[in-house]
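Undergrad: Protein chains in written order, with this note's numbering: chain X, 1 to 186; chain A, 1 to 289.
None of these hints come from the bench; they were simulated from the model. A couple of the hints might just be wrong.
Unchecked claim - Derived pair list, reagent style DSSO-like, types lysine-lysine, alpha-carbon separation capped at 27 angstroms:
1) X:Lys-25 <-> A:Lys-92
2) A:Lys-101 <-> A:Lys-117
3) A:Lys-13 <-> X:Lys-171
4) X:Lys-20 <-> A:Lys-145
5) X:Lys-140 <-> A:Lys-241
6) A:Lys-117 <-> X:Lys-171
7) A:Lys-207 <-> X:Lys-140
8) A:Lys-92 <-> X:Lys-27
9) A:Lys-244 <-> X:Lys-140
10) A:Lys-249 <-> X:Lys-171
11) A:Lys-29 <-> A:Lys-92
12) A:Lys-159 <-> X:Lys-20
13) A:Lys-70 <-> X:Lys-182
14) A:Lys-74 <-> X:Lys-171
15) X:Lys-142 <-> A:Lys-207
16) A:Lys-55 <-> X:Lys-25
17) X:Lys-173 <-> A:Lys-101
18) X:Lys-145 <-> A:Lys-207
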Amino acid sequence: MKIKINLDNTSSDFAKEVEKRSGIKVKECYQCGKCTAGCPVAYEMDYMPNQIIRLVQIGARREALTSRTIWLCASCITCSTRCPKEVKIAELMDVLREMALEENLANPLEKNITAFHESFLNSVKKHGRISEVWMLNEYKMKRPKTALQDLAVAPHMIAKGKLSFLPHDIKGKDAIARIFKKCKPK
Amino acid sequence: MKIGYYPGCAITKGSSSEEYGTSVMRVSKVIGPEIEEIPDWSCCGASSAHATNHKLSTALSVRNLSLAEKHEYKEILAPCPMCSQRLIISQKDVQEDAVLKREVEDAIEMPCGTKVKVSNYLEIVKNYYMDEIKQKIKKTAKGFKVACYYGCLLVRPPKVLKFDDPEDPQSMDEIVRAIGAEPIEWEFKTNCCGGGFTLSRTDVVVKLTNDILEGAEEAGAHAIAVACPMCHANLDMRQKKIEKEYKRKFNIPIVYISELIGLALGLGPIGLGLDKHFVDTKSVVDAYT
Ligand code: SF4
Ligand code: SF4
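Start from the sequences and build out the full structure, keeping to the hints where you can.
TA: So this is what it looks like as structure tokens:
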């Protein structure tokens, strides 16, 4: 796949910044493509995993942080496991997602994924554990279009007692709320 | 042997994959270990914290290790591989990064639990209870072909988890052999099922699980055994949707390894939660005689 990048918008600090935050040796990558060959979600990505590394290497900050790829990465760690240069690509995706959120650059086309993470974490913040029904409820309010596909499985889950309607509150839920406060992104 | 139990949100009572937790506990009553739930455990943050906020993910996980150490457990059983993977990686991260360790201690208001050993369910069974199983086995399933599906989280990253081979793991296969069934050779043991995308990108999950189910079918599997609630949900709960989307029929039961062990030990299928699956498990239950 050919991609065009406006080199005027690149900055050599980006690779350094990523390396400093994550300890990942981005420069080690020699673009063999093994990571991409084994990536289960590559078929849906806008940039292949090795291209994401390349974007970081050349300092194409915006392209990397607004990519859909970083959200589509399923964190399966196949890439890092197989990389001959031991580049931690899966971990790099973590850092790029975090930076994209901090800078408000998360690609709106993958809003389902970011909305899911938000709903999930809100449930943890509130109750200390996941309350599936509450989490689902919040997620479905945020992304109503996804509701339809799950209607098919809901009755089975309720009939088999697999969905609990009570939130799983833990005793230390205030301590959990404090953890969230202290770990707020910059 | 006494062990701290960290069920995690997905398999605790009243959750979507509670049959995994139930069957682990039932089997533990017969072969061990003696398990005690870690008091007031909280969610590890799973893929959502890990995907979006490293410090939060580490703090949410380490809090549970600290609680375990406070209650003097030397080892924790975390049957959900999302949990065990997060707990192990977070422990390593605070061991190696003094700044992060300080920040986490400030957030969780406790010293970091850096010593307690975290084990997944396959590890516990394989390390401590294979003899126990061989002694107490009541039923076998001769000729019943099981595709052992490990997924991602049990085996990767291998250097941190140090559990089994990331491309061709064997621990579940050994357990299946010990309980009188036949593990098969197949190529999808550690392929990704799409994990946490089941609600947000169901299309991705449907494609990846179709490949896995097809691989199992072609290898002649009668059932797929798993040790992960996400793998189970994606392969079992979504199987109808996959069949509809790809206009085909699989009808492959997806069972937890703990349920299979339970059947071999002569425990009743309902108590093990085998009635809670989407794909009918009768063929599995009938295979054990
Ligand atoms: S496998 Fe490693 S060296 Fe090869 S392209 Fe991917 S990151 Fe670069
Ligand atoms: S961790 Fe992400 S980028 Fe790497 S192989 Fe898995 S899905 Fe692809």
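Undergrad: Could you check the structure against the hints above and give me the numbers of any it violates, in ascending order?
TA: 4, 10, 11
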